[in-house]
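Sequence order for the protein chains is Z, G, U and P.
According to this note's numbering, the first sequence holds residues 1 to 245 in order.
According to this note's numbering, the second sequence holds residues 1 to 258 in order.
According to this note's numbering, the third sequence holds residues 1 to 252 in order.
According to this note's numbering, the fourth sequence holds residues 1 to 254 in order.
Each hint should be verified, as a subset may be incorrect.
With a Cα cut of at most 30 Å, we get these calculated BS3-like pairs of lysine-lysine [stated by the list, open to error]:
#  : chain 1 : residue 1 : chain 2 : residue 2
1  : U       : Lys14     : Z       : Lys143
2  : U       : Lys105    : G       : Lys49
3  : Z       : Lys26     : Z       : Lys175
4  : U       : Lys123    : U       : Lys26
5  : Z       : Lys143    : U       : Lys45
6  : Z       : Lys175    : U       : Lys14
7  : U       : Lys123    : U       : Lys105
8  : G       : Lys53     : U       : Lys105
9  : P       : Lys70     : G       : Lys49
10 : U       : Lys123    : U       : Lys113
11 : U       : Lys105    : U       : Lys75
12 : U       : Lys14     : U       : Lys123
13 : U       : Lys105    : U       : Lys26
14 : U       : Lys113    : G       : Lys49
15 : U       : Lys14     : U       : Lys182
16 : U       : Lys75     : U       : Lys123
17 : U       : Lys26     : U       : Lys45
18 : U       : Lys213    : Z       : Lys143
19 : U       : Lys213    : U       : Lys113
20 : Z       : Lys45     : Z       : Lys143
21 : Z       : Lys175    : Z       : Lys45
22 : U       : Lys213    : U       : Lys123
23 : G       : Lys174    : P       : Lys74
24 : Z       : Lys175    : U       : Lys213
Stretch-level coverage of chain U by chain Z, calculated; a stretch enters the list once three of its residues show a Cβ under 8 Å from a Cβ in chain Z [to be verified]:
#  : stretch
25 : 28-38
26 : 160-174
Partial pick of chain P residues on the chain G-facing surface, computed with a CB cut under 10 Å [said to hold, decoys possible]:
#  : residue
27 : Leu101
28 : Gly247
29 : Leu251
Since the hints were derived computationally from the structure, they do not count as laboratory data.
Note that CB positions come from ideal geometry on N, CA and C, so glycine has one too.
Single-letter residue listing:
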Amino acid sequence: MIEARHLSASFEGVSVLDDVNIRVRKGTIVGIVGVGGVGKSVLLKLFCGLMTPEEGQVMVDDVDIASLDFDGLGSLRQRFGMLFQNYALFDFMTVGENVAFPLEQTGDCPPEEIQARVSERLVDVGLAGSEMLYPRELSGGMKKRVSMARATIANARILLYDDPSAGLDPVTSSKIFSLIERLHDPNGVSVVVSHDIDRMIGVCHEWILLHQGRVWFVGGLEAVKMSSDPVVATFFDTASQGGGV
Amino acid sequence: MTGVMARVGRITINTLVVVGGMTTLLGRILRSLFPLRCDARETWRAFYKVGVKSFPIVILTALFTGAIMVIQSGHYVHKTGATSLLGWAAGFAVFAEIGPILIGLMFSGRVGANNTAELGTMVVTEQVDALRSLAINPTAYLVAPRFLAMTVMLFLLTAMGDLFALFGGAVTAKFMLDVPVWIFLQQVMDAQLLDEYLLGLVKGTVFGMSIAVVSCYYGLTAQGGATGVGRAVNASVVAAAIGIFVTDFVVALMWGIL
Amino acid sequence: MIEFRNIHKRFGEKEVLRGVSLQVEKGQIQYIIGTSGAGKSVLAKHLVGLMRADSGQILLDGEDITDWNEQAFYKVRRRCATVFQHSTLFDSMTLAENVALPLRKHRGLSHQKALVRAMEYLKQVNMADHGHRFPADVGDGLRKRVAIARGLTMEPEYVVFDEPTTGIDPLAAANVDQLIRKLSDDFGVTSIVISHDLRSIFRVADRIAMLYKGRVWLDGTPDEFQETTDPVVRQFISGDAEGPMEFPGVRG
Amino acid sequence: MTAALAAWIDSSVRTWDLLRQTIVWILRGALRRRRRQVLQQLYEMGNRSVAFITVTLGILGMISVFQVLKQVEKIVPDFSMIGPAFIQMMIREFGPTIAGLMIATRVGSGIAAEIGSMVVTEQVDALRMCNADPVDYLVVPRFVACGIQSVMLSVYGVLVGVLAGAVTAYLFWNVPFETFFRLDLVQWGDIASGLLKAMCYGLAIPVISAQAGLETRGGSEGVGTSTTRAVVNASFAVVVLDLILSGFSYLVLF
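Can you build the whole structure from these sequences, using the hints too?
Written out as structure tokens, the structure reads:
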């Protein structure tokens with residue numbers, strides 16, 4: 001589905017990814033964790049072509065996205081839905097206009113159908129009837145859910161989540177992660193970047209640990225438990241040791 | 001109708017709140033200047049930053065102002081043939097009026113806006129609260145050094161700027177109106193513009209103070225993350241520009257009375 | 001000993017604190033937990049005078065400091081250091097100079113002497129070999145430790161931590177928790193820690209107070225929190241999505 | 001010093017490229033699609049700047065007349081030529097330039113602050129994810145609106161300045177309004193030069209400010225720095241354009 005080959009990239013002059021190889025298979029929810037924040041967000045932006053790598057390629061459905069022209073990139077992006085860390089809601093639009101925006105841009109959807117899908121999606125994320133509100137009137141958790149509604153309105157098969165539970169308390173975070181699970185498309189892919197390992201454990205099928213810009217560990221939850229690698233052990237132990245019942 | 005009245009009421013109240021806030025800030029700055037209680041290292045850093053940042057752009061502006069003034073007064077000379085008046089017209093405009101205003105506006109853009117951005121960022125990332133939690137008075141530590149630096153620097157820049165403007169004017173006079181450079185400068189000297197030159201310097205100093213207070217005020221009252229800082233800078237440069245024109249008017253009136 | 005008595009605070013028509021009363025014994029690590037927007041940071045800022053209560057009293061070792069002015073609060077802040085969530089270091093100075101600043105301003109040390117003393121404090125948070133670097137080019141976890149070192153330069157009796165482990169990766173968070181524990185055990189420092197990080201709450205806390213709907217919902221030891229039957233606390237502790245907790249609704 | 005120069009050249013090349021993109025989008029019919037935003041920007045820029053222009057240009061008019069009359073009083077007590085000369089100078093030079101500087105300050109920093117905060121909150125990335133090009137969606141409406149508003153505000157500014165000048169002349173030296181308001185010195189060249197300046201400022205300012213906004217780097221200081229850069233670059237561009245256009249109109253129009 002998505003494959004990164006020998007990816008290297010830097011952000012504001014600092015090298016962040018160094019020869020990263022990742023394969024994300026169809027139908028899986030992948031959790032990407034690691035020390036520090038910047039490398040992981042850059043990886044998501046490389047996947048959907050918002051950033052270009054210094055070296056290496058990104059293959060989506062076996063097509064190298066660097067080779068796509070303007071229209072090719074356009075159709076590629078329609079297959080992606082992205083939840084940004086800072087919500088990225090357009091503050092000059094209402095909630096309804098925000099969620100409808102991706103559909104309006106594709107232009108092949110009649111207005112009535114757009115409205116129907118928008119209100120249906122808002123019900124899904126538990127914000128029924130909030131079409132006329134403005135982003136500044138919403139709390140952090142609600143903005144996150146509107147952003148998720150917008151990211152998934154076009155039924156994109158590839159969903160990217162950049163630190164979905166950042167700055168949210170445990171209860172709201174759980175709501176967000178249960179939404180991630182519910183909105184996951186069985187023959188698509190969901191990639192979640194986060195620190196919130198306790199919540200991710202119930203949701204992610206596969207794990208990727210990024211450390212010092214390189215892929216340190218790839219595997220399922222059992223592989224994590226059995227792994228002898230000290231970094232993996234300390235990372236997941238410190239994470240899941242205390243906390244919860 | 002009541003909507004308009006409410007809006008007018010709200011605008012006046014906001015303006016009064018802002019002007020009030022600035023006056024109290026000025027009071028607190030003066031209290032930490034006499035006796036001098038601001039931090040030596042921070043003051044030196046402020047002087048260095050304000051001076052270095054504003055020097056190139058202000059001098060370039062001054063050069064262009066001189067040139068523009070000569071071109072504009074060139075029309076009268078061209079029509080009336082009274083080349084002798086050229087030096088007086090250009091010199092007067094540069095020293096007393098247009099020089100200080102343009103230099104002040106550039107300074108307000110370059111240093112004032114930067115000052116608001118820096119202080120606004122420190123407020124938004126709670127660095128000012130950190131200063132207070134370390135029992136250090138933010139006005140004495142952050143604001144007073146910048147006030148000093150900006151006032152002294154704009155005074156110096158206006159003094160130098162006027163000379164550069166004359167130089168720009170002389171070159172343009174030679175190039176555009178074939179008035180030899182030394183004749184142009186001679187005319188400026190003959191017009192006894194010392195009075196205007198001093199007026200320009202007084203204006204420069206007062207502009208420096210008003211830009212410092214305005215930019216520090218909007219910096220310290222920034223709220224709401226990165227977007228809040230952007231809004232604060234926008235409001236600061238606007239208020240600083242109004243401040244320049246209002247103080248220009250007050251100084252010119254007072255100067256007229258003396 | 002720190003005591004809050006019936007503190008009220010509102011911002012516009014949103015009442016954040018509706019009568020909070022809390023006692024923090026000397027030498028303890030008191031955690032204040034609750035959902036985001038429950039007023040945890042607001043309460044802490046009252047202690048050091050960064051915010052003034054609408055009504056109620058604050059007592060520091062029996063002395064009523066509620067209505068003191070900014071000047072008077074400088075004395076309080078020498079005894080109560082604050083470490084903010086974004087570890088507010090000054091970007092224009094190196095890490096060592098950041099720690100040296102309070103020493104220079106309060107101990108009257110020259111710039112050089114202050115830097116030497118600063119290295120000792122950096123050693124305490126094992127950041128001694130990063131002294132020359134600037135805040136911008138070190139990670140969040142390291143910046144947090146320097147912020148703690150800077151707070152310690154005033155030899156405070158009390159330290160307020162505002163969400164020390166939020167937004168940093170689990171390794172750095174565990175490090176900060178150890179440091180908080182060490183301060184209390186080795187130096188007898190009383191700490192108030194504001195957090196909604198379930199992991200560090202149960203790893204470090206001596207006592208916990210939960211803020212909900214503007215009041216102290218439950219104040220007790222970690223064990224009391226584990227065994228409580230109160231549905232609201234149960235939901236927060238287990239962190240599952242369904243449950244009786246309502247959320248601060250739409251603002252304005 | 002050379003590093004600063006290289007950075008300046010590099011940023012002006014990017015600014016020219018943004019101008020090219022904006023014009024390409026306009027030619028591809030962006031105006032029809034962005035009508036709502038253009039109107040909104042027109043209202044936004046105009047509404048917020050009118051009071052500002054009134055105060056600044058008004059005071060400029062008062063001060064200039066006050067100073068000039070005080071000087072002329074010493075040399076030749078004949079005030080008849082002051083009005084027309086002042087009006088010509090306002091139309092040709094002071095009106096558009098000072099109004100341009102005010103627009104650079106007010107509108108320029110506003111554009112950079114708005115676009116800068118949209119970059120920092122990743123709204124621009126979200127736009128690109130939905131295949132909406134930020135230049136088409138954000139820059140074109142502001143470019144067109146500022147071009148129109150700048151000309152209108154300059155004309156308004158000249159009126160306010162001249163009126164304020166006339167009142168000052170009447171109050172302090174009771175120069176009757178009829179002698180002040182004579183347009184015999186004003187020629188078509190002056191009006192053309194003034195309008196040309198206003199339009200050039202109006203088109204340069206939004207491009208320079210939008211460029212500064214789009215180049216915003218992350219972090220909370222990002223937006224502050226780019227807003228500052230916008231004000232400085234836009235104001236400096238006004239002064240440079242003023243010099244070029246004054247020289248051009250002096251050599252060509254006479």
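Now the hints, each set against the structure:
Using a Cα cut-off of 30 Å, the hinted pair lysine 14 (chain U) and lysine 143 (chain Z) holds, with the two alpha carbons roughly 19 Å apart. For the suggested pair lysine 105 (chain U) and lysine 49 (chain G), the alpha carbons sit about 23 Å apart, so the restraint of at most 30 Å is met. Pair hint lysine 26 (chain Z) plus lysine 175 (chain Z) holds up; C-alpha atoms about 24 Å apart against a cutoff of 30 Å. Of the pairs offered as hints, the one joining lysine 123 (chain U) and lysine 26 (chain U) holds, with about 26 Å between alpha carbons and a cut-off of 30 Å not exceeded.
Annotation: proposed proximity of lysine 143 (chain Z) to lysine 45 (chain U) holds, straight-line Cα distance about 27 Å (limit 30 Å). At roughly 25 Å between alpha-carbon atoms, lysine 175 (chain Z) and lysine 14 (chain U) fall within 30 Å of each other, so this suggested pair holds. Taken as a hint, the lysine 123 (chain U) and lysine 105 (chain U) pair is honoured in the structure, with Cα atoms around 21 Å apart against an allowance of 30 Å. Taken as a hint, the lysine 53 (chain G) and lysine 105 (chain U) pair is honoured in the structure, with Cα atoms around 28 Å apart against an allowance of 30 Å.
Between the alpha carbons of lysine 70 (chain P) and lysine 49 (chain G) the distance comes to roughly 39 Å, so the proposed pair goes past 30 Å and is violated. Of the supplied pair hints, the one linking lysine 123 (chain U) and lysine 113 (chain U) holds, its CA atoms being roughly 16 Å apart against a limit of 30 Å. Restraint check: the Cα-Cα separation between lysine 105 (chain U) and lysine 75 (chain U) comes to about 14 Å, which is no more than 30 Å; the hinted pair holds. A C-alpha spacing of about 44 Å is found between lysine 14 (chain U) and lysine 123 (chain U), which places the hinted pair above 30 Å, so the restraint is violated.
A distance of roughly 28 Å separates the Cα atoms of lysine 105 (chain U) and lysine 26 (chain U); the hinted pair therefore holds under the 30 Å criterion. Proximity of lysine 113 (chain U) to lysine 49 (chain G) is assessed by CA-CA distance (about 26 Å); at most 30 Å being required, the pair is judged to hold. The suggested pairing of lysine 14 (chain U) with lysine 182 (chain U) is violated, with an alpha-carbon distance near 38 Å, which exceeds 30 Å. For a cut-off of 30 Å, the pair hint linking lysine 75 (chain U) to lysine 123 (chain U) stands: about 27 Å separates their Cα positions.
With a CA separation close to 19 Å, the supplied pair lysine 26 (chain U) and lysine 45 (chain U) stays within the 30 Å bound. Restraint check for lysine 213 (chain U) and lysine 143 (chain Z): satisfied, since their Cα atoms lie roughly 21 Å apart, inside the 30 Å limit. With a C-alpha separation of about 49 Å, the suggested pairing of lysine 213 (chain U) with lysine 113 (chain U) is violated against the 30 Å cut-off. Pair hint lysine 45 (chain Z) plus lysine 143 (chain Z) holds up; C-alpha atoms about 21 Å apart against a cutoff of 30 Å.
Of the supplied pair hints, the one linking lysine 175 (chain Z) and lysine 45 (chain Z) holds, its CA atoms being roughly 25 Å apart against a limit of 30 Å. For the hint linking lysine 213 (chain U) to lysine 123 (chain U), the alpha-carbon distance of about 42 Å lies beyond 30 Å, and the restraint is violated. As the CA atoms of lysine 174 (chain G) and lysine 74 (chain P) are separated by approximately 28 Å, the hinted pair is consistent with the 30 Å bound. A distance of roughly 20 Å separates the Cα atoms of lysine 175 (chain Z) and lysine 213 (chain U); the hinted pair therefore holds under the 30 Å criterion.
Look at the stretch 28-38 of chain U against chain Z: 4 of its residues bring a Cβ nearer than 8 Å to a Cβ of that chain, three or more, so the hint holds. By the rule of at least three residues with a Cβ nearer than 8 Å to a Cβ of chain Z, the coverage given for the stretch 160-174 of chain U holds, with 9 such residues. This hint holds: leucine 101 (chain P) has a C-beta 6 Å from the nearest C-beta of chain G, less than the 10 Å allowed. Against a cut-off of 10 Å between C-beta atoms, the interface hint on glycine 247 (chain P) holds, since the closest Cβ of chain G lies about 6 Å away.
A distance limit of 10 Å between C-beta atoms decides the matter here; for leucine 251 (chain P) the minimum to chain G is near 8 Å, and the interface restraint holds.
Violated hints for the displayed structure, listed by number in ascending order: 9, 12, 15, 19 and 22.
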